[in-house]
Each structure stands twice: as C-alpha cells, then as structure tokens.
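Chemist: In case you want the letters, here they are:
Number of protein chains: 4
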Amino acid sequence: MSNKVVLAYSGGLDTSVLLKWLSLKGFEVIAYVADVGQEEDFEAVRKKAIETGASKVFVEDLKREFVTDYIFPAFKANAIYEGRYLLGTAIARPIIAKRQIEIADSEGAAYVSHGATGKGNDQVRFELAYYALNPEIKVIAPWKDSDFLRDFKGRPELLAFAAEHGIEVKASTGKSFSEDDNLLHISHESGILEDPAYHAGEEIYSKTVSPELAPDTPTRISIEFKDGIPIRVTNLDDGREEREPLAVFTYLNEVGGANGIGRLDMVENRFIGIKSRGIYETPGGTILHLAHRDIEGIAMDREVMRLRDMLSAKLSELIYNGFWFSPEMEFLMAAVDKSQELIDGVVDLKLFKGGVSVLGRVSHSSLYDQEFSSMEIEGGFDQTDSQGFIKINAIRLMAHHAISHRKVGE
Amino acid sequence: MSNKVVLAYSGGLDTSVLLKWLSLKGFEVIAYVADVGQEEDFEAVRKKAIETGASKVFVEDLKREFVTDYIFPAFKANAIYEGRYLLGTAIARPIIAKRQIEIADSEGAAYVSHGATGKGNDQVRFELAYYALNPEIKVIAPWKDSDFLRDFKGRPELLAFAAEHGIEVKASTGKSFSEDDNLLHISHESGILEDPAYHAGEEIYSKTVSPELAPDTPTRISIEFKDGIPIRVTNLDDGREEREPLAVFTYLNEVGGANGIGRLDMVENRFIGIKSRGIYETPGGTILHLAHRDIEGIAMDREVMRLRDMLSAKLSELIYNGFWFSPEMEFLMAAVDKSQELIDGVVDLKLFKGGVSVLGRVSHSSLYDQEFSSMEIEGGFDQTDSQGFIKINAIRLMAHHAISHRKVGE
Amino acid sequence: MSNKVVLAYSGGLDTSVLLKWLSLKGFEVIAYVADVGQEEDFEAVRKKAIETGASKVFVEDLKREFVTDYIFPAFKANAIYEGRYLLGTAIARPIIAKRQIEIADSEGAAYVSHGATGKGNDQVRFELAYYALNPEIKVIAPWKDSDFLRDFKGRPELLAFAAEHGIEVKASTGKSFSEDDNLLHISHESGILEDPAYHAGEEIYSKTVSPELAPDTPTRISIEFKDGIPIRVTNLDDGREEREPLAVFTYLNEVGGANGIGRLDMVENRFIGIKSRGIYETPGGTILHLAHRDIEGIAMDREVMRLRDMLSAKLSELIYNGFWFSPEMEFLMAAVDKSQELIDGVVDLKLFKGGVSVLGRVSHSSLYDQEFSSMEIEGGFDQTDSQGFIKINAIRLMAHHAISHRKVGE
Amino acid sequence: MSNKVVLAYSGGLDTSVLLKWLSLKGFEVIAYVADVGQEEDFEAVRKKAIETGASKVFVEDLKREFVTDYIFPAFKANAIYEGRYLLGTAIARPIIAKRQIEIADSEGAAYVSHGATGKGNDQVRFELAYYALNPEIKVIAPWKDSDFLRDFKGRPELLAFAAEHGIEVKASTGKSFSEDDNLLHISHESGILEDPAYHAGEEIYSKTVSPELAPDTPTRISIEFKDGIPIRVTNLDDGREEREPLAVFTYLNEVGGANGIGRLDMVENRFIGIKSRGIYETPGGTILHLAHRDIEGIAMDREVMRLRDMLSAKLSELIYNGFWFSPEMEFLMAAVDKSQELIDGVVDLKLFKGGVSVLGRVSHSSLYDQEFSSMEIEGGFDQTDSQGFIKINAIRLMAHHAISHRKVGE
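Line order of the protein sequences matches chains A, B, C and D. Here the first sequence is numbered in this note's numbering, starting from 1 and rising by one per residue. Here the second sequence is numbered in this note's numbering, starting from 1 and rising by one per residue. Here the third sequence is numbered in this note's numbering, starting from 1 and rising by one per residue. Here the fourth sequence is numbered in this note's numbering, starting from 1 and rising by one per residue.
To be clear, the hints were calculated from the coordinates, so they are not data collected in a lab. Treat the hints with caution; some may be incorrect.
[Said to hold, decoys possible] One side of the interface only, derived from the structure: several residues of chain C facing chain A at Cβ under 8 Å:
no., residue
1, 327
2, 335
3, 395
[Stated by the list, open to error] DSSO-like cross-link-like pairs, simulated, lysine-lysine; straight-line CA separation at most 30 Å:
no., chain 1, residue 1, chain 2, residue 2
4, C, 275, B, 119
5, A, 275, B, 350
6, B, 338, D, 47
7, B, 153, B, 25
8, D, 4, D, 175
9, C, 338, C, 314
10, C, 153, C, 56
11, A, 119, D, 119
12, B, 314, D, 314
13, D, 119, B, 338
14, A, 275, D, 314
15, A, 350, B, 350
16, B, 138, C, 275
17, B, 138, C, 153
18, A, 314, B, 226
19, C, 275, C, 153
Beta carbons: idealized from backbone N, C-alpha and C, even for Gly.
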C-alpha cells in the first residue's frame, strides 16, 4: 500500500509537529493548505511545509466554490444551529475535506490526516466527510492515536519536539483561546472563554468593530435574490453594486464588519455530547440570513414555510454534526431547492451599530403583486366566508370542551 | 333566551357604533373593557360606554394574569411565529376572550360580540376562544354580519351614525394605519404600511426610542430564571432589582424601550390564507426571548432541545391561529413544562442602540458545573472513544457511497 | 359570461336531479363521467345524461393515468392516513377534478359542479382542486346552495323531482349506507354504519371475499420495484406475470380480493372537524403498501427513512384534506422522489385468508449485497468501536443524572 | 474499590463462560437472572450459577412490572419501530438493566457485566441504561474486551473452556439462529436467517401457531381501555374475563398465539448503522397495538393525534436505540400521558388465522356520544359554513397558481 498521506496543514505548531512526526514514521507527507478566506500568508505556509519535510504542497484557493456551493446553499435553507449559530466552521469543513480526498485520489495516497482534537466537532466533520467520499481511505487522527498521545501530552512536548527538529514557532499571539477563521466567520473558544459566565472583552473580536465604535450614521443596502440566492448587493447610499458571488459575500462582510454586525456569544451542544461556549463573528452571514428570511416572508407559501422550517432545523443539525455528504442531506436539499423556485425579490436593509433591520421588500412572486390583488378582490373570498371557516375550525374545540367537562363530572 | 350581550369595548369609533347598534337592535349591552396594559384613560372609556347605552361596564385589570399565565408560559416555550414575531397581539387575545366569557356566564348573557374585522386574525382568535370556553355561546361579529355590512360600508357611514346618535368621536390621531397596544407589544399595520416596500418612518413607533437616539452607553442587566420563568431582573449598573412578575416585565419594557430594542418589520402569513405586513415593537419580550434561549443553551439537554424546538414551531402557530384553548395546546404545554424543570440560572445582558447581546451566563443545572466536570474527567470518555463513535456513524455513509456508485455504474 | 357548466355526473339520483335542476336554471350542462375503475355501465350513464338534458357527455377513461400518476406516487410515499387508511377515495378526487377543469377549459365553460355533500371531505377535495387548477372557475355545489337546499330537503324531494321530470330511478340496492368505488378501493359509510359499535356483516363487502371463505392454500407472489414503483408482479405458484402498470395493479386487486385482503374498519378524523366511521376494501393497495415498506426496509438509508416517515404523515394528511395540487405537495414530493432513487428490488409475499406477509426480499442497492459486506469487513468497524460509540452517547445521560439528582437534593 | 460484579446471567454457554472467566480474573461474581417471562427452568439456572462459581444468585420475577411500567406505557404511546416492529426486545432491556443496577447498589458492587455482542443493539441498550441510572458504574462487556476477545475467538474456544472448567453445555437445540424470548415477544435472527431472501420455515416459530393451522372459526374478544391502558379483556364467545394487568396481557398472548397472530419478518436499521433481518412473534402486543389505535381513533382529538404520531415515531426510535432512561424520553412521555387522559372505551375484535380486525368500538369520550351530537345539531355548523371554509383554504392555492404561471411566463 502507498505510504503517502495528505495532511490538512495550517502552518501552525500542531500540524507542523504532526507533519514531521508522520515523516519520521516513514510516511511521505503531502501538505494541503485550504484557502477558505482565512487571514494567512500562504506563501510562508507553503515554504514552512517544505522545510518541515513535506514532499509536495498544495495551496488551494477554495473561496469562490465555498461561497457558491456551500455558503449559499446553506443560507438558502436558512441553516442555523440551535436558533442562533450560523455554522461558520461547520460549513467550511466539507469543502476542505472534499478537496483533500480529491488530492489523495490524484496523488495515489492511501491516507489522510488532520490535526483536530478528540473532544471537538471538527474531527467528526472531517472524518465523516472523508469516509463518505472515499470509504477506503485510511485516516490518521493523531489526537486519537495512542502512539501520538504517548509522545505528546500537551503543548510543552509539542514545543520541545519543534525545538528539537528546527520547526519555527511563531511568537504567541497572546490570545488565550483558540480561533477558526474563514470567509464566513471567525470563532473564538476554549481557554479563558471556557467559563460561560466570563464577559468577553473587546480584544477577543477581529472581524467586526465594536457596536459602540461603529459609525453614528446607518448604512443602507439592498440585496436582490433569485431562487433564494443573492445575485446583487447595492449600497443605497453610495450606489456601489456587486454581482459576482464572491464579491457579493465579501462586500456583505465588509459593510457588516464596519457596522459591528454579527457577534454572537452562546453555549451550544456538541455532537460529542458535551456543551461548549463559543463566540462568533459572522458579519456578512448575519445580514444574508435576515434578508433571506425576509424575502421568503413575502414570496413563500405558508405551508411550504412550515414544512421547510421543520426541515431546516434538521438540516442545520446535519451540517453541524458533519453529515454534509450524506443521503439525508441530499434528501433534504431536494425539498429545499424546490422551495426556493419562487424566492425572488429585493430586500432593503439598514445596518447600524451591531443591528440589521429590514426597511422594506419587493417581490414579483408575491401575494402583494398588483395583478393578483385585483384578482383576489373579484374572484376571492368575502368577509362572510370567515364565519364558516371559524365555525368549522371550532367544531373540535367545542367537542373537546363537552367531553372534558363530562369526564370531570363523572 | 337572554337578550344580553357582552361586548368587548375599546371606546373607539367602531365599538361605540356597535354598542349603539346592538342596543337599537334590542340587546341589553354589557360593555367589557380589558386592561392588558394598553395606553388608555379607562375612566373615560367607562363613562363613554354608559353614555352610548351600555347597561353595565366592566373594566378589568388583567395585567398581572396576562404576565404570569400568558406571556411567561409562551416565552417559556420560546414561542415565535415564522422565526421572528413574538406574538404580542396573539397572546393577548385568549385572556381577553376568557374574561369576556366569564362575564357572560356570571351575567347570564347568551351573546358576546367583538369589533374585529373579517379579514384578520383577531376575529378567529376571539371566536375560537369563545367557542372553546363555552360551546353554547352565540357570537355577534358585525363585520361578518350581512345586516351590519349593509348599514356600514365603511368609515363614512360609521361617522354619520356616530353623529346621528351623539357618539363623541376623538380627533383623528393622524395615523394612517392601525395599532394594537398591550403590555407585550404594540403593532402597526395596514394603511400606508400595506405596501411592503414602504420604508416606515420614525413617526410610526411609540414604545421604543429610535436606536439612533438611544443612549451612547450600554445598559447592563441580568435576568434570573427558575423553571424557565424569569424571577428577578437586576440592573447591573445601578443595582435596581425587580422580583414581582408584573414589575419584572414592566422593567424589561422600560430598559428595552429606552435602548431602542424590539422593533420588527416583517411580512407574515395570516391564518386566513393571505400575507400581511406588520411592524411590531416588543422591547421587554425581545430581551426575555433571547435571555431564555441563552439559559436553555447552558441548562437544557441537547435532545430535549431538538424535540422542544420542533414543538415550539407548532405551538407558535397554534397561538398565532387562535388555538390557545385547545387540546393540542394542552398536549404541547405538558411537554414544555417538563422541559423547563431544570432551566435555572442567570443571564447577563447588554442593551445598546437597538441590540441585545449576551455577556455571560451561570446555571447550576449545567454541564459546566464544577462537580460534574470533575466526574466527567474521572469516569468519562477519553479521546479515543471518539474514534469508535465516528467509525460507527460513518458506516451508513460508506454503504451509501458504495451503493450509489454501483447504481450509477449499472 | 358563458352559461356552460361541466357537471361531474354519476348517473345516480342526486347528480341526475342536479343536471336537470341546472338545466332548468338556464345552464347548458355538459355531463362528465370519470371512469376511475368503478363498476358501472358507462354507456347507460351516457344515455341517461343526454335524456336528462345534457348538451354533451364526456365519458373519460382515466384508469391508467390514475395508476401511474396518482396511485403509484402516493404509494411510493407510503401515504397512509391516521396509520391505517390507504386513501382510496382521496387519491381519486384530484384526477377527477383535473379532467373536469380541462374539459371546462376546452369547452369554454365558466362553471363546474359536483354532487358531494356539505359535511364530507369530497366537497373540499373537489373544490380545492378546482380552485388550484383554475382560480377563475365558478363552483356550483348544490348541497351548500341555499336555493337548492330550499327545494330539496332530502331524498323524498329528490324522488318527487325525478318523477316529475321523468328521470329514471334505479331500484334501490337495498344497501342502507353509501359507497365510493374505484380501482384502488371501495368505501362503505353512513347509514347503519354510522354507529361505530355496529358490527358490519358480510353483506357490506364487495371487492374482497370473506377471509373465512378464502382459499385454504396460500397464494405466493413477488413484486419487483424500480425507483419505488412496482414494475412487475409474478405469481410464484403459476408463473403468471404482469408488467404494464394498470395490469400490475389490477392483478394485485384480483389476488388480493380472492384472498380476502384489505378490509379495514376505522373511525377517522375528517378535515371538517368531525369524526366518521368508514369501512374500506383495498385489496391490491394493501399488498402494495406492505411490499413497498419492505423493500424500503432493505434498500433505504436509515436517516432518510426517519425524515421520509415524518413527511409521509404530513403528505397523507394533505392528500386526505384535498391538497394534492398545492405548493406544499410539490415540496414534499421533491424529497420523496429523491428518497426512491435507490429503492429497487424484489419482495416475495404470501397471501392467506385476509393476511399478507413477507417471505423474503432481495435488493441490489442494499447493505446485504455481497460486495459491500466484504468491503465492510476489511475497512469497516471492529467491535471495540462500539465502546466509544456507547460511551459518547452516554455522556448526556450521565450529566442528566448528575444534574437531576443535585436539583432534587437542593 | 469493590471487586464485586453483577452479571446478567442466562444459564447459557456464553454467560456461563463469562461467569467463570470473571471469577478466574479475581472478581466476586453475583449472578442475576431476570425473569421477564421467557421459557426457562429458573431453579436449574440458579443451581448452575452457583456451580460455576457465583457467590450469590438473584432470580428476579419482573413480569408484572414489565407489563405495567414498560409494555403498557410503550403501547400507550403507540411505539412501533420503522412502521412495523413492536420493540419486544428493546422494551425488555431497560427493566433488566434497572434491576441489575439496583442489585449492584444494594450489594455494593462497582461493576456490572452482560454478554451481549459488539455488533448488536442490546449492548447499547444495556450500557446506556447502566450509565443513565448510575454514572459511576463500571461496565465489563467481554465481547468488546480485548483480553476476552483474544481468549475467545468463537464458539469452539467457548466450548473448550467450558469442558476444561466443567461447565455443563446443553445439547444444541438444533436451531441455527439466535432468539430472545420474553413476555412481549420472541425474536429470531442471524444464522440462516441472515440472508434476507431466505423464506423462513414453520420450524422457526414457537409462540404462535401457523395461520394455516389456526382454528377455522374466529375468536371474538373485547378490550376495555382507561386512560389508554387496557384494564379488561373479555372473550365474547365464552365470557372469560381478565382484569389484572399481567393476566390481561398473558391472555392476549394466549388467544393471539392460538390464532397465529403477530408474526413479522422485516429488515430493520440498527443503531449501530447496519441493517439486520429479524423475525418476530408478538401475539398479544399485535392485538393490543391495533386495539389502542382504534380506541384512539374514536376518542382522541385530531390535532393531538397529528402531534402525538410525530412524537411516537421519535419515541419508538429512542426505545429501540436504548434511551428509555433519558431526559428526552421523560419529555415525550409527559405529552403522551396528557394525550391519554380521554382515551377510554371498549374495542371489539376478531382474531382469525393470523389476522386481527376491529368489529366495532364504543367510547364515552367521543364525538359519537349522543349528548354531544344533539348539541352539535343545535349550536353547530350548517352545511353552508363549509363554503367559507373551502374558500379560505383555497386562497393560498389560487395565489400559488397565479404566481407560478406568471413565473413560467416570464
């Protein structure tokens, strides 16, 4: 069997140690760096991978595909976890894993490896995606590997190993918590943030300005949707317009971040049965989520909305838990796609000091359309129809009253 | 049969005309004014009812019961309609109807009457509650009554009738839309607001200051929950504390309104099959909803949350549609009550220019508790357990991959 | 406006009177007879329509389309109402309404009419389908028409009118209850059957022999599915085989009926808020439903099944209530179609004295396939993986135990 | 720490070897035999446990508690897995585990052990129940224990070990598959039954006679329910009556088995991600499930039924997967209990050659009650109310038609 392993590589301490460790174990290590929009000097990372022993390095720009094939479909489905979290980390994992498996296939590697820990969600998301895309793949997950765990009990051993093998360690950022950064969001968790009662200070945040420091004048934008997907964003104040998907989303991040939008502090339930506190910044996503909800409000049939909302909760759970590539996800997305066929229109929004609010909306696939309204008046119901509607809805309630009282009176 | 009718009376043009019209029809009209926290001169309303021909007037202070038996239970269930509307009007209807039926019973009235129109939700909510509480009650709903509709085609006929019968008409407020005001919220709809694209101006709002004009310094409060119910609110800046239910909710309204919190502009689906645009101000409710969600985040079991969320959507629909008094509502609330038994703790919040955000939270019925965490470390899972967990979750995905590829290859 | 009306005509007393009554009112009546597989002398019906005053008669053979576009899709979705009723009447209504609207369109008729009563489900199903397919259509529903109801209080007035206008009335069948017959089932209800405690006698049934009188030897058949649709039925005893959709279903009816299969006596909830007792005979459908469930058991992914089952309940309710042509039905069917892509295989069944049971099944899109099983052994999980799986699933439960006991101990 | 272990002991080869093996490892083994109604010579088992080295033996008669606290609650909830399986094995596991933990507590044992394999559901059900009831308990599961698995690769090693240590081995039953027997059902699986296409012969079955050999005359019984629980069963032919819970259920088994009722052959999805074929015999349960469904049909509110059915599916999954003792189960049962408050009445049934059918039913908490019906006539709806009901339900459909056609026409 091939001794090649494709390692998801970040350039940080953990995956650098892992790269060297795998190399010393006799693996040929192919480093794979996914660019999903995080702040990074990718050339430096490439160089470090080679210096640490990688036989090859792939730096893959996945940003546009991330927007069109992952972010937009998830937001089309109104995916939101436990009522609040916009799934910024979870949505990025499947695209990273998919490209990794593609590289393993093209390079003939039998193994893939990642540096996610054994108590988190990411290990699950990566590995479920690996297995779903290639059931024959072998996964090396050092933080669940007894050999690796014997050698490395914590950060001190990692630093010692790095020193020993000449792996350069960046000066500490001074941040006493961990982060995950991509185009959709940045998360902050663990360390000092583990205490759920701890009030996070301004120094935590990096993708949004503080609402207190945001401009004193609102920014007004509009977003146009076609089939539930944003196809245009316009700044109503200065007229700037974006239509290309990556540009649309990047611009939403820009105006959102500048207005302090998208901060969230919550305790969530991990797939791994424990609770964890996360702080998220999702500027563009927060705007997009609200705008999409709003255009659906005017353009979506009521009963479709009821059913879709039920499915959205399930779909969000699937994304969070790592089942992006699964038969049940395909099943749900078939219905979601159907539900978006009439979701067209424009939503006007106001951004101000951490808040997004809707100013108004227009949709041609809506009950508010002139043509339909007039039809409704002519051929539609008159007010007395309501009487029959109410009476018939009341039958069950009247019966229940009679039965309950009889039972009590027994 | 008794010719007494209990009329839900507001003192406005419509119900005053209705009072007189019923009186002229030969009914003995008992006027019933429900005080659910709206801005009103109740003594003036009482006087006007008598002058217009009422045989008796009941002005009923329902505010405390509204908070303890309607608002808190609904918020305990996280009731929110179509993802956004906190049901301010819908939650007030059942308590108004319930007291009206009680008065009809004690006064021996065979009839009740209300002034809600024939295209809205309120007629349904009132009448379903009437029938559910007393299946023998007769309902007089003038806006669905062909006699009344023949006499009164619109506002001009109402004004003419009022003039003819000496019914005093207040000077117009100048507001070209209609409102519903109570302790939980004020709604604004119809008239100029009917065009969903129309950007509502600052003059619409009355329960909240504009975020732009709200204080430049945040207000910090904490809310303590017991069994999912708020039992104490504390201003973390000045130390003010409220514990009595009505005082708790009133204070949340006060600090919420002062910080511009709780404005919402949305298009919603009425039970009566049409869409309508509403603008709502729910200052205290918006704070309470978020705080409750947050304390649940730390104190509620994950799978209970999944199931409860599914039921919350249904329960919200029931409240919106007028099924507060129904067997299915009792069914759902039995589960909701069960789910709240461990929902205890304190949430710290920041209120600032229209936004509410969570600063931190503490709960003794939580995974974060010291005692449990140590137990978890000793007897709990170690990281290698995750490997088996992932592998077993992957089995289905691997099978699906194999089967799908075989099918395609056929 | 055109004075043409397309009347759904059965040849019975009610619709014959209705035809004449409409004709006397000045309408040009086009009689429309839908052949959905009921026992009927269609030429006699055609003749009677003309004699009673119809300007034209359409006798439409809808049997094949009924099977391919209505029965098979519904059974593909496992549609079953309140856990038991296979929706035999409800599934036939949309196809009847659809052809009626098509005739109205092609004949330039502004009106359609039907003879369903005002307390049942069929009026709702017909009329919702009419409005969904042509919102401008005018519906004449005599049993909700105050003019008609004034003229005809019950059967005596209908008989008198028939006598007066020379409408031939068939000798009574002697059946003191009403029936609806089509390819999928026959229903029996009302009259003596209204008492839910009444034990229905053998004389009620017509599409199935009594289990007591069915053959003493079982019949063995197999059904082959492709994408969830039956594409072949084979008698394992005599080798007879059918592949054409209508022939497949007709043969299932034949062997089902001969073995006393598909009788059901239940009390169900009508859309119109009341309960009603129905007795149904669905011989072929009962076999098909079980066989489809069984092939799904082997070929469908577990999580897809969970979600699909949740949707099936909703979809069944939609069919029952008359929402076949609705946006929510399209939404659900998009997901159902997706779920059936791998539902291929053969199920062997035994039919005996009222019972259907599964003998065995084979599917190539299944975990049982040789090829997959071997893959599983090599790359799959070993038994120790279960330990981690269980431990991680137990974390929540352990936490709940700790918290509940602490709370109790407070 | 105590070296005592409470072993769930059956007297068979596996748990006898396990008993001795644990004893040789230095554990003090307390044998625990749960009598949940299986065919067994419990005195012989007790003797064998002592001979094999147990320090103590507990033979616990759990039959009555099994019926009242496990079977009846599950059937009250209509629990049925994947539409067909009545959960006979799954419902027995929690009661067995609960008593085992109680014995461990009272005996001061730190360990519990069971003989379930590492690919099945039972290991999960036992261990989740153990951990839920006592998070500090240590579980010894030999078929996931690497020491045990090294010593015992399969049956030959078990037999050799038994021979070596003088453990008596019963003559083989000749059954080439495994079984689980209790009061609720007997299951048959694995071995020759693993091939899902294999037609199981009559020799498989033991709790039911073959339908072909069942009496040629039907048996008629009635079951009375109170709050959804069967409180009386009566043979309508010979007048025999049972009222005590265990006697009621035992008698249902007797008449069910004699009439060949309750056989089921299906492929199901295990919690452990794989599919498995099981053959079940559940004579009394099959009758009870249908009767309960039927009494609900007449006595339960429609909307409560909709919601309950949704929850039943989830609840069945929880039972199957081993989450009987869990917060989510408590949550669901709170609602189920509420739903059964009016489920009173009597169902008459016919049992004949493998089939159960309903003959009729009576309930005093029903719409069919005389008193309510008359009320309905006076104060209720008249047929013309249906017109408004339909018109208002059609509004959405008309709008959708208009919008869809406009979109297509774009």
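Chemist: Look at each hint and say if it fits the structure.
Modeler: These are the hints, each one checked on the structure:
| no. | hint | in the structure |
| --- | --- | --- |
| 1 | 327 | holds (4 Å) |
| 2 | 335 | holds (4 Å) |
| 3 | 395 | holds (3 Å) |
| 4 | C/275 with B/119 | holds (29 Å) |
| 5 | A/275 with B/350 | holds (23 Å) |
| 6 | B/338 with D/47 | violated (46 Å) |
| 7 | B/153 with B/25 | holds (18 Å) |
| 8 | D/4 with D/175 | violated (35 Å) |
| 9 | C/338 with C/314 | holds (17 Å) |
| 10 | C/153 with C/56 | holds (29 Å) |
| 11 | A/119 with D/119 | holds (24 Å) |
| 12 | B/314 with D/314 | holds (16 Å) |
| 13 | D/119 with B/338 | violated (34 Å) |
| 14 | A/275 with D/314 | holds (23 Å) |
| 15 | A/350 with B/350 | holds (21 Å) |
| 16 | B/138 with C/275 | holds (24 Å) |
| 17 | B/138 with C/153 | holds (26 Å) |
| 18 | A/314 with B/226 | holds (29 Å) |
| 19 | C/275 with C/153 | holds (23 Å) |
Going through the hint list in order, the structure does not satisfy hints 6, 8 and 13.
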